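A.B. asks: Below, each chain spelled out in residue letters.
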Amino acid sequence: MNLVEYFAENYMYILEKTGEHIYLAGVAVLLACAFGIPVGFSITNNKRVSNIVIGIANIIQTIPSLALFAFAMSIFGIGADNAIFALFLYALLPIIKNTLIGIRNVNPAIREAARGMGMSKVQIMFKVEVPLAISVIMGGVRIATVTCIGIATIATLIGAGGLGQLIYQGIGMMDYEMIFAGAICSALLALLADFLLGIVERRLTSKGIVKEDIA
Amino acid sequence: MIRLENVIKSYDGNKNVVDGLNLEIRSGEFVVLVGESGCGKTTTMKMINRLIEPSSGNIYIDNDNIKNINKNSLRRNIGYVIQNVGLFPHLTIDKNIATVPLLCKKDKADIENRVRQLLELIELPYDEYAHRYPRELSGGQQQRVGVARALANDPDIILMDEPFSALDPITREQLQNELLGLQEELKKTIVFVTHDIDEAIKLGDKIAVMTEGKIIQYDAPEEILKNPVNKFVEAFVGKDRLWKTPDMLKAEDIMSKSMTKIGQNRSVAHAIELMKQHNTDVLVVVDKVSEKSGKILGIVGTNRFKGVGDNSIKMKDVMKSDFAKIPYDMCLVDVLNIRKENKIQFSPVVDIDDRLMGIITNASIINVLTKLVPEREDY
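Chains as they are written, first to last, in our numbering: chain A, 1 to 215; chain B, 216 to 594.
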């Protein structure tokens, strides 16, 4: 068994699967951001609604991923859309929750100062709340991305492709190189995505904000 | 000018946090709203920039009802400083100060000039501080920036909500002094909320003492100290307050009005008779005794009559005319100093037109001090 040889011979196939994987996880996270961040914003002022929304997202999170894929398959049938939908549901919780926490943690004194100086609600949101909460929100996006890249390996079971295909094919063929290629690539992909998003997070966060080191 | 007319605020419909409040603040006046927590002082202040809307009543700024002014443009034209500073941590100092001018979309170069000017005013050099973040500044510096930010759009009115209460005593005093200096220069209309009566007395041109949503006394600090309208104000201000701030005691508060006057043309014999009658050894010589407050010309004591046997000699001939006159508004400390320096015991107090108002003697000073020192139990 020679992993390097396997990579050398099959790099086109591995790249193709990696591309599919990125597509699945990427689209799911983008959709989850597009939906989750506004939702997170809109529920900050309403404790009851926010509890309900977070409750629902929590329940989704507790459903075993395989079961969720199976459930999604019964709605969308097989294929990438189905997998993206399931991944989207998984990505929602960390994104909504972190947005909520990020906005709620904005010091009320700062918000009051902004109001007292004559900023409109929209201005307060974009000039004050978002910049202050961005690192927490980005934290949620990073968790969602890493989770989705991990779970996306199962997507192959409902015919969506991705690096999971290498793993499951490898298991079926007792081909360890193939299994490792899939596993290593998905792990590296998760690390790389987290690293890149970390850079984005630091770029977006003002130097004036010190994020307390949470180990 | 700010005018509050019969303003009521109730959050729950039962209890009025602000209860039928009337208040008029003239332009350029530094007014302090003072009271215990929950007395409605902050609510009152926040109704002026519509952070809180009154349940009923009207508030006017320069005769415009603020109900008819767009909230945001109203607030952009009123400076606002809060207790917890509320600087934007993600923006540098210059951007923080420029917040309101930027909102008003003013010219970039003008804004930068204004920021430079303000940083100079609060004595934080532009080159050193403009591009720092708030967290890199000390608490006192941050609140200075807070004040500069409130001044950025050059508003006529500034609201300050316990701006110095979170600072240590030394920094607080420093900032209070700086604020007084700024106000001297800028002459803004300032509404300042505090629970600290010392701060109120130190800063305010006028103080409004509030309790249960009402203003119980609205007066100059001296008046509040000297003539509290009721027991509550007296207790709140503290009975021994005047004693702690002796510079609030003016000559006219210390002087005794019972003095013996004598006309300038009266004889020595007459003077001695008067002294006997009033049991005193000093007389004040005035131009006309009949008028209630004659112009003071000099003072005579018994030693001035030594060797004077001639009855034709008049008061104006023997009186001491180079004596220290005390203006009525001189404060206690200065009065004591003058008396000490000139070694005098008997100091006439005069008004602006040099007319005699009263007399300060050791006895009158002791009388005042006895009144000021808090009453004690039996020793």
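Hints are computed from structural coordinates only; laboratory data are not their basis. Watch out, some of these pointers could steer you wrong.
Cross-link-like lysine-lysine pairs, in silico, BS3-like; alpha carbons within 27 Å at most [claimed, not checked]: (1) A:K207 / B:K503; (2) B:K320 / A:K47; (3) B:K472 / B:K429; (4) A:K121 / B:K503; (5) B:K323 / A:K127; (6) A:K127 / B:K472; (7) A:K127 / B:K261.
Keep in mind that this is a model prediction, so the values were computed, not measured.
A.B. asks: Each of the hints needs a verdict: does it hold here or not?
C.D. replies: These are the hints, each one checked on the structure:
Proximity of A:K207 to B:K503 is assessed by CA-CA distance (about 78 Å); at most 27 Å being required, the pair is judged violated. A distance of roughly 36 Å separates the Cα atoms of B:K320 and A:K47; the hinted pair therefore is violated under the 27 Å criterion. Distance hint between B:K472 and B:K429 is unfulfilled; the C-alpha atoms sit about 37 Å from each other, more than 27 Å. Distance check on the hinted pair: A:K121 and B:K503 sit about 73 Å apart at the alpha-carbon level, beyond 27 Å; violated.
This hinted pair checks out: B:K323 and A:K127 have alpha carbons roughly 18 Å apart, not beyond 27 Å. Between A:K127 and B:K472 the alpha-carbon distance is near 65 Å, which puts this suggested pair outside the 27 Å criterion. Straight-line distance between C-alpha atoms of A:K127 and B:K261 comes to about 23 Å, which keeps the hinted pair within the 27 Å bound.
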